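Each chain, written out:
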Amino acid sequence: MNEEHALLKQNLAAYALNALDADEVEALEAHLRLCAECQAELRAFQQIGEGLLLAVPPHAPPPAIKRRLLRRIAGRRAAPRPAFRTFLQMASAIALVLLFLLNLFTALQVREFQRQQQALLRQLEMQRTAAMLLSYPGTSTVLLEAEGISGSLLFNRDRSVALLFLWGLGPLDSQHTYQVWLVDQEGQRVNGGTFQVMGEEPYTLVMVNAAQPFGTFRGLSISVEPLGGSPQPTGPRLFQIEF
Amino acid sequence: MESARAAEDALLVRQVAQGDEKAFEALYDRYGARVYGLVLHILGDEMLAEEVTQDVFLKLWSRARFYLAGRGPFLPWLLTIAHHTAIDRLRLEGHRPVLSNATDAETVWDRLPDSGLPLEESRWRSLHLAVQSLPNEQRLVIELAYYQGLSQREIAEVLGWPLGTVKTRLRAAMENLRKAWLDEEAP
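Taken in order, these protein sequences are the chains called A and B.
Here our numbering is used: position 157 in the first sequence is 157, and no number is missing along the way.
Here our numbering is used: position 99 in the second sequence is 1099, and no number is missing along the way.
If you're looking for bench data, these hints aren't it; they were derived computationally from the structure.
In this text the structure is predicted, and so the values were computed from the model without any measurement.
Virtual Cβ for every residue (Gly too), placed ideally from N, Cα, C.
Please note: incorrect hints may appear among the correct ones.
Said to hold, decoys possible - So the derived label-pair ranges between C-beta atoms look like this:
hint : chain 1 : residue 1 : chain 2 : residue 2 : range
1    : B       : A1010     : A       : R33       : 30 to 38 Å
2    : B       : A1010     : A       : T106      : 45 to 53 Å
3    : B       : V1158     : A       : P57       : 24 to 32 Å
Unchecked claim - No farther apart than 25 Å at their CA atoms in a straight line, the calculated lysine-lysine pairs in the BS3-like style are these:
hint : chain 1 : residue 1 : chain 2 : residue 2
4    : A       : K9        : B       : K1179
5    : B       : K1022     : B       : K1059
6    : B       : K1022     : A       : K66
7    : B       : K1179     : A       : K66
Kindly generate the complete structure, drawing on both the sequences and the hints.
Structure (structure tokens):
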């Protein structure tokens, strides 16, 4: 240990001047961690190293260096910026994100209000249609009962519009739609329009518009069809009403 | 007097860290000649010394926040950056490996002694004289090791001396400087 200490101690001066080779540095640093005597001696040599920096006489630099330096830094902030600027930037970023989220929330709310408004308008239109139909003589109501589904059809043989009240009809997946079929006297199915069930109301109100008065038809049915509807029924028929 | 100057330096460095160009100019006016003198001594070429001096002060501009006034005075910190920047430039010019991370302002503290040195002009001159008073072969190894960044093995190769001789002369030079300079200030 003493022999090793004496050997490594001889390297302290060179270590203080960064003049040791890499393999010698590792061994000395390991020894320094444990040897207070070497640590104290190293401090003295390091002071000389620091003194050697200061011992070189000053020399006036060419004025061009200062001009170039001041030009280089002109208008540029030292990096990194002071903490308060970083804080302000962070606060601004958070405010922007919050503003964006608020805008997004507001846009979604507006869209929801528009959807509700359209639903209310449709409902109002159907109620008006129902009131109009009821005011005509000859308006009839047909009740329907099928598996899990019930409801009624309000129609007038002289009019080409009718209202269908349905209970127990559930929403479909995004690839399918309900389609109304009007059955003519020859038994042919004529497209009466498509509709979706939103599931927000316990019942569904459907306005059925036909090309001819309902007196020309003998019945109505509903089937499940691919989204957009079909020219002729392809899916399962849910129920059929005979007028 | 010295502590007042150190406090002024610390304040100027803080202002530089906040992007104060006037404070930067003030520090350059104070220490530009010391930095230029050191790098010119190391590089021995005015054009290279100009470039390295500029690099050193640009490092000060961008890395001033790494100066810790509580750890020691500003000038040794700045000159240590200047020393490593110049040695690295010397190594690049001579196609020798550079000191890894040695010029990073945040690592300078690892290379400075804990206790600050008296920085009076007379103390610098006395060390300068102590170096000049060394026997030629001892002054040469100090010059090559510290101001040229050579290891003892490289010095041995350059001078054609046995490695053991280089080690002995370097150690003797440092011992002499310690006696002449540090023991001088001891009570």
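Of the hints given before, which are not true for this structure? 7
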